Each structure stands twice: as C-alpha cells, then as structure tokens.
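> Chain residues, written in single-letter form:
10 protein chains.
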Amino acid sequence: MEFLVRADNNLPPDMPEQRRNELRAAERERAVRLREDGTLKRLWRVPGRTGWIGLFEAPDATVLHDALASLPLWPWLDVTVEPLATHPQER
Amino acid sequence: MEFLVRADNNLPPDMPEQRRNELRAAERERAVRLREDGTLKRLWRVPGRTGWIGLFEAPDATVLHDALASLPLWPWLDVTVEPLATHPQER
Amino acid sequence: MEFLVRADNNLPPDMPEQRRNELRAAERERAVRLREDGTLKRLWRVPGRTGWIGLFEAPDATVLHDALASLPLWPWLDVTVEPLATHPQER
Amino acid sequence: MEFLVRADNNLPPDMPEQRRNELRAAERERAVRLREDGTLKRLWRVPGRTGWIGLFEAPDATVLHDALASLPLWPWLDVTVEPLATHPQER
Amino acid sequence: MEFLVRADNNLPPDMPEQRRNELRAAERERAVRLREDGTLKRLWRVPGRTGWIGLFEAPDATVLHDALASLPLWPWLDVTVEPLATHPQER
Amino acid sequence: MEFLVRADNNLPPDMPEQRRNELRAAERERAVRLREDGTLKRLWRVPGRTGWIGLFEAPDATVLHDALASLPLWPWLDVTVEPLATHPQER
Amino acid sequence: MEFLVRADNNLPPDMPEQRRNELRAAERERAVRLREDGTLKRLWRVPGRTGWIGLFEAPDATVLHDALASLPLWPWLDVTVEPLATHPQER
Amino acid sequence: MEFLVRADNNLPPDMPEQRRNELRAAERERAVRLREDGTLKRLWRVPGRTGWIGLFEAPDATVLHDALASLPLWPWLDVTVEPLATHPQER
Amino acid sequence: MEFLVRADNNLPPDMPEQRRNELRAAERERAVRLREDGTLKRLWRVPGRTGWIGLFEAPDATVLHDALASLPLWPWLDVTVEPLATHPQER
Amino acid sequence: MEFLVRADNNLPPDMPEQRRNELRAAERERAVRLREDGTLKRLWRVPGRTGWIGLFEAPDATVLHDALASLPLWPWLDVTVEPLATHPQER
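Chains as they are written, first to last, in the working numbering: chain A, 1 to 91; chain B, 1 to 91; chain C, 1 to 91; chain D, 1 to 91; chain E, 1 to 91; chain F, 1 to 91; chain G, 1 to 91; chain H, 1 to 91; chain I, 1 to 91; chain J, 1 to 91.
Hints were generated in silico from the structure; no laboratory data involved.
The structure presented is a predicted model; accordingly, all values stated were derived computationally and were not measured.
Backbone N, C-alpha and C define an ideal beta-carbon position, used for all residues, glycine too.
You may find that some hints are simply not true.
[Claimed, not checked] Pairs of lysine-lysine, DSBU-like flavour, derived with a Cα cap of 30 Å:
1. Lys41/G / Lys41/I
2. Lys41/H / Lys41/J
3. Lys41/B / Lys41/D
4. Lys41/A / Lys41/C
5. Lys41/E / Lys41/F
[What the hints assert, rightly or not] If you want the ones that stay clear, here's a sample from chain C, every Cβ over 10 Å from chain H, calculated:
6. Arg20
7. Val32
8. Thr50
9. Thr86
Chain A on its own, in the form it takes in the complex (with noise of 0.2 Å):
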C-alpha cells in the first residue's frame, strides 16, 4: 500500500553545526537503507523549506511508523500521513 507522507523539519536554527550535521548524515544513511527495501519510493524537497514529501509503500500503517521513527531526525519532524489508494487508471 503506497503512502503520500509530508514532514516539516523544526530542527532549531541555533543547532550546533556539528550536531547538525551528524544528524544529516546519519539521515541520509537510513534513508538510503529505506530505499533498498523499497519501502522509500520517491523524495521531493518542499521548495524554501528544510520539509519533504515522500512516496513511501509498506503493508500497512503500522510498518510505515516504525519506518518513519527509525530516522535519526524523527523527534524534530511534523509528519502527516496520507493513504493513497490505486486508482482505477492504474489497477
């Protein structure tokens, strides 16, 4: 089942930068592994924001949060859920 996720980032201006940016790192890191596992799909950039919106497909909601929760920047991120449903053109 695919699903449309969006995520506003909060992590706070004044991180220290090394902070930041071990925490980028290890993003990328396990995103790249969610790829792999095809549970990540696709990944825009929500244009001048540090948010994102993702394709992502897992069996079912419960899968997908635990994906979700398992990225390093977890806590800083608003994240809201969309279920996508096939549409007829595409079955």
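Go by the hints and put chains B, C, D, E, F, G, H, I and J onto chain A.
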C-alpha cells in the same frame, strides 16, 4: 490495517421522503454486508449531525475505497480517511 | 519539473448517468494521452472520495495548466498544484 | 458513553532520555489500569507521530477528564475530545 | 452531562414565508418541550446570525442527538456538539 | 450582557510545582470574587485540557476585559471572547 | 459598547436587477436610520468584495442583533460580530 | 500603492457557452483598459484553476475597488486584496 | 487611505516587570505621537487579550508599515493589516 | 517560470543587535546577487510584519529552492512557494 473514516452526509433537505428512505434502507443493507465481511467494525453517529465516524479494517486503502464507494449514499458523502497504526500497547 | 496535483471532483450527484459516463470515458482517454507524452506520471485515488492526487511533470506551470485544463472534467474539478523541488538524495 | 480522544505528544526532543523513559513506563502502567476499569477500550498510533487516538468509555466528560489528567504524560499532551453517539445500526 | 451545542441555520432565504413561519412555530414548540424535560437549559442567539448556541444536558450524546434530531429545523441546521466537564470550582 | 469566554492555559509543564500551586490558589480565590459579583456565572472544564469555557456577564466588553485581566493566570491564558445575544425564546 | 461587524454579501449573481436594486435602496434607507440613532458609526467596503466592515455601537449584543436583522439584505448576509473593549489609551 | 489581488472564478460549469464567451471577451476588453491606465500591472493564472493573481497599483483601496468592480466577471469572482508596502531594498 | 490593523502581543509572561513597564510606557508615548499626526485614529482592546485592533490612516501601506515598525513593542507584535475602501454610503 | 514566494521572518526579538545587523547586511548583499542574475524580480514588505512577498523567476523549483536556501536569514524564514502560470492575456 485499520482506518478511521469520517463522513458528512449532504443529502439535500428537500429530497423527496420516499427517495430518501429507499437510499437509507439500501445503505443499512449494504452496511450489514460490510460488517459480515469484517470491513466495518464500529460505527458511531456524530451527535447533532447526519454524519458518522466508522472504524474500518481492510488490507489496504484501495479495498477500503471500493467498500466505501459501494455505499448507496456515497455520492452525497463528504469522506475523509485516516490511517491507523497499531499502538505499541496493543501489539 | 515535477508537480503534486490534488483535485476534488464536484460532479453533482444528480447529473444524468449517461452524461456522467461520457465525461468519464473522455477523461480516461485524455489521461492516456497525458501519460504517453510524460505529463502524467502517477495517479492515485483519495480513498473514500472521487478526488485524486497526481504526480505530473511539465517544463513549467503554464504547460501544466494547459494539460489540466484539457481534462473533460476540469470545469468540475477543484485543483491545487504544489511545486516539487528535487531532493538532495535524488540529485 | 464513548468518546474519541486525540492527543498530540509535545515532549521536547531534548528531554534527557532517562526522564523520558521513566515517564513512558509510568504512562504504560497507567494505561493498563485504565484498560482494566474499561475506560480505555482501543488505542491507535497516529502513523509518523508520537500522538495517539483512543476510544474511551466513561459515564460522562468529567470522569473522562480525570482519567486523561491522571496520565503521567498529560502535561505535555495536546488533547481534543469528541463525543460519540450510538449509531442507529448499533442500537 | 452538559454539552455546548452550536447550530448555524441554513434555511434558504427564498423559502416561502408561510413555510418558514410554520417551521419556526414548530421549532419554538419543540424547544419548550426540551426545556420542560431539562434537556435545553439555556439558549443564546449568535448576534448577526440566525444561528444559536445552547447549553444542553443529557445522560449521554446519544440521547442528546435524538433531542437535536427532533427539532423541526434540524435538516437545515449545521450543528457542532462540544462535551463539557464539570470544573473543579463547581464540583 | 452575557459572553462566552474560552481560555486555553499555557502554563509551561516544567514550571516549579510550588509556583504553580500558588498561582492556582490565587486563581480560585479570584474566581470566587467574580462569582460573588455576578461576573462569572458558570465554568466548565474542556475535557482533556487545562483550558476552560465560562459564561460571564458584564455591562460591556471593557468591564469583562478588566475582570479577565485580573485573573492571576491571565498572562498564560489564550482567551477568546464571544458576545451572546438574548434568544427570542428567552426574552 | 462598540462592536466590529463583518458581513459578506451572498446575493446570487443571477438575481433580477430590479429586485437587487430595490433591496439595495431599502438597505441604504435602513442604514441612514441606524446612523441617525448612533448604532452605525462607520462603514467600510472590503476592497474587491460586496462585503463590508462596520463599527457599531449598542447597549448590548441583543440590541445590536435586532439592528442587523432589520437590514433588508440580512437574509443574504454572512455576519460575524466581534466585541470591542475600550483601550486604556482611550479611557 | 501596490496591491496583490487574488480572485477565484465561480462561473457555474453549466452556464451556456455563448454567455460565458461574451463575458470573457468583455473581461479581456476591460483588462486592456486597466493595463492602459496603469491599474493592472501583472496578471498570472493560478495553475489548474480558473482563478488569477494580479499585481495592481492604485492611489488607494477605494479606487482599486471600483476598478475590480468594473470587471464584467466580478459578480462571480471571490476576491481577496492584500496591501503591499515597498521593501527597503526597493526604496 | 484607512487600514484596519490587528496585533497580538507576544511579550513573554516571564519578562522582568521593569523591562515590561518601560516598553509599555514607550509604547504609549509613541501612540500619542501617531495620534497627533493623524496616523492612529481609533484603538480598541481585544477583550481577554493583550492584543489590540486599530483604525489607522496613511497615504499608503509603506508609510503605515514605518509607523507600525516604530512602535517599541513591534518586535513582539504579530500584526495583520487589512485595507479598507470607502463605502458608497460614506463617499 | 515565475513563482510567488511568501516568507515570514522568525528572528527571535531578543537576538543581539549586532548579530541581527550582520545577518541583515549579508541578506541584502545576497538579494542584490539574486537580482543581478534575474532570480529575484520584485520584493514587497508585508505591512506591519518583518515578512516579505517576492516575485521570483527560475527554470524550476529546484533552482528556486537553492536560491532561497542561499539567503543568510533562511534558517529563520517560514517560506511558502506558489507556482504561477502565464495568464492568457500575457502570452
């Protein structure tokens, strides 16, 4: 996977009573089928409104969509679907 | 450039069935053309609604507008278009 | 009477891990009590968030309030309570 | 249990005067009954609107729903119900 | 003239317990005064929140404002005031 | 007591011109009366809309309501009333 | 003074084509006049919608209102006007 | 040209009293100047809040901005400005 | 392609003046570069706020994002980007 479904019912107040009752009877009939196959698990009335909130279960959002679209009142329903993840305390 | 397009479909419930089916057939036909020229990349159904969410690609918003306005159902669609930037992880 | 309760969890991300785990353990403990006395009937995780949605039953909103206020995490919860009426199909 | 009920009245402006007055008279009549049985405790007019705000008391939301649905104007009312808990200062 | 007053309470969760209790005691004390002079008529707890809804009576919004601003917790309250007109059924 | 009143005008665009002009003339006439008795103090046009914003003065919201309800266009107005308190700098 | 004007176009989809084209032609004609006198400076289409966003210049909101109200489509437009101040970098 | 200006005041509750009073005194002082030069015409307190609503007059939004930005409390104000057109009844 | 960019500036009021002025100077400097390369075409101040509205031009949202992210104040900006299609009257 479970979904929380919220539907506001926009049947026009001046629809002929007979037509309205036919639709309602068909709706009840259809809901019974959905309960029997486990899709519809709980249904509540939003107090003061003709709308309802329902707990549904379906393999994914596509199957859920087809179930909701099979409701005779569907053309007049304003529906929002919220995906539910299993809470750690209920795993 | 990619765009996330969200459309709610306000076809009146009491539109004659024949007229409705003609419009839907023409809509499917037009969507096939848009897929062939790469404008329409993915299409999902918003579960419980007649609306859809689509991933589109176009040189700019003007070309995208013309594509959306060419849809037979367009006069009844309530459309919002969100620009997407390429995420660093997909550059 | 049943209530649909929605809670967003605003525990600050930089709260010391130990304090956070103590609160969580106490929360789980309290939730078990609330299940035993029939107040808490179902609990779901909002996918992608630390918030939850719960189906509660209580004689009235005052008893419900006291139950919610007894949760160790309550001072950090942003709660909305929605009253549920029994649907004609479940009377 | 007490509830704060808010209702916007969408009677179409071009409804024939006679029909409108019949409905209003029946509404007043019904409201008197609800006051007598203690369901309707206070009623205010939202200044500038045909809507109202009411303080209601009912054993639960199901009984409240039936009371509201018994109002002759109900099909044209856009109602929201808010549960009220007893404040510590009024226990 | 009556007013419906809604207040969300933003006392920070990590405020020292003693300071919090002092403020609450002073708040209760002040509320008693406001009841005695007829300004505060009813007070409800919003279930699940530290906020409240109150029915107030004052000659005008200026007197009401001074009464609300006299509450010890006022600096942490997010208040909205709604004017109430007498309903024809209560004239 | 002063009130800030905001009204959006929903006269249907296809109402016959003559009926529309009659209503407008009656509205102007009524507004003159309200100015004379001090109820209507200032009136502004919301640029680009048929709606208006007005500064009204009335003993209370009930008198204000009756004044607004006396406007010939009232059945087509979507009105919100905001109570105003005297600012310390204008006491 | 410059204004950012946003207009959603609510021409009913089932308006006869001829009437619709007459209105559009008259609208284009009027817009040309407004460009010539410097009132209308830029005009964009909101992608996917029949609405538009425009950069207007007028001595004040009253003159702007009259210009907008002179548009043949104005009765079907849902307009919001935002005032713009000169940015320090453009003084 | 007249503007309706709405400002919510976000001075932190725990700001030292002395600093707060200095700012308030300077604010009053500045407001007097703005009244003298005709920029500030009326000022109301939003009942229950530290925010205010003001009727301002300025040649354009740029002059208005500079006046608002000159207020000592401005860095803590959340301001929205609404342009007002002269109503036909006041031309 | 043109974009309408709206940015609210959340620089904390208590940031040291010197740091604030350094950031502002660097911001002006960067904006000049963006004007020279045609990315930034017009910039307005939202009256009463530190936020701004800008008309930008870029090949796509990705290039636009990089331009916005290059602004020294970007970490404190709350940005929304709206895509603009060319209006038929400006083709």
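> If a hint holds in the structure, say so; if it does not, say that too.
Do the hints match the structure? See the list:
1. The suggested pairing of Lys41/G with Lys41/I holds, with an alpha-carbon distance near 14 Å, which does not exceed 30 Å.
2. Distance hint between Lys41/H and Lys41/J is fulfilled; the C-alpha atoms sit about 14 Å from each other, no more than 30 Å.
3. Under the criterion of a C-alpha separation no larger than 30 Å, the hint pairing Lys41/B with Lys41/D is consistent with the structure, at around 14 Å.
4. For the hint pairing Lys41/A with Lys41/C, the CA-to-CA distance comes to about 14 Å; that is within 30 Å, so the pair holds.
5. With a CA separation close to 14 Å, the supplied pair Lys41/E and Lys41/F stays within the 30 Å bound.
6. Every CB of chain H is more than 10 Å from the CB of Arg20/C (nearest about 13 Å), matching its label as outside the interface.
7. Non-interface call for Val32/C relative to chain H: holds, since the shortest CB-CB distance, roughly 20 Å, exceeds 10 Å.
8. For Thr50/C, the requirement that its beta carbon stay farther than 10 Å from each beta carbon of chain H is met, with the minimum near 15 Å.
9. The claim that Thr86/C lies off the interface holds: its Cβ sits roughly 19 Å from the closest Cβ of chain H, which is beyond the 10 Å cut-off.
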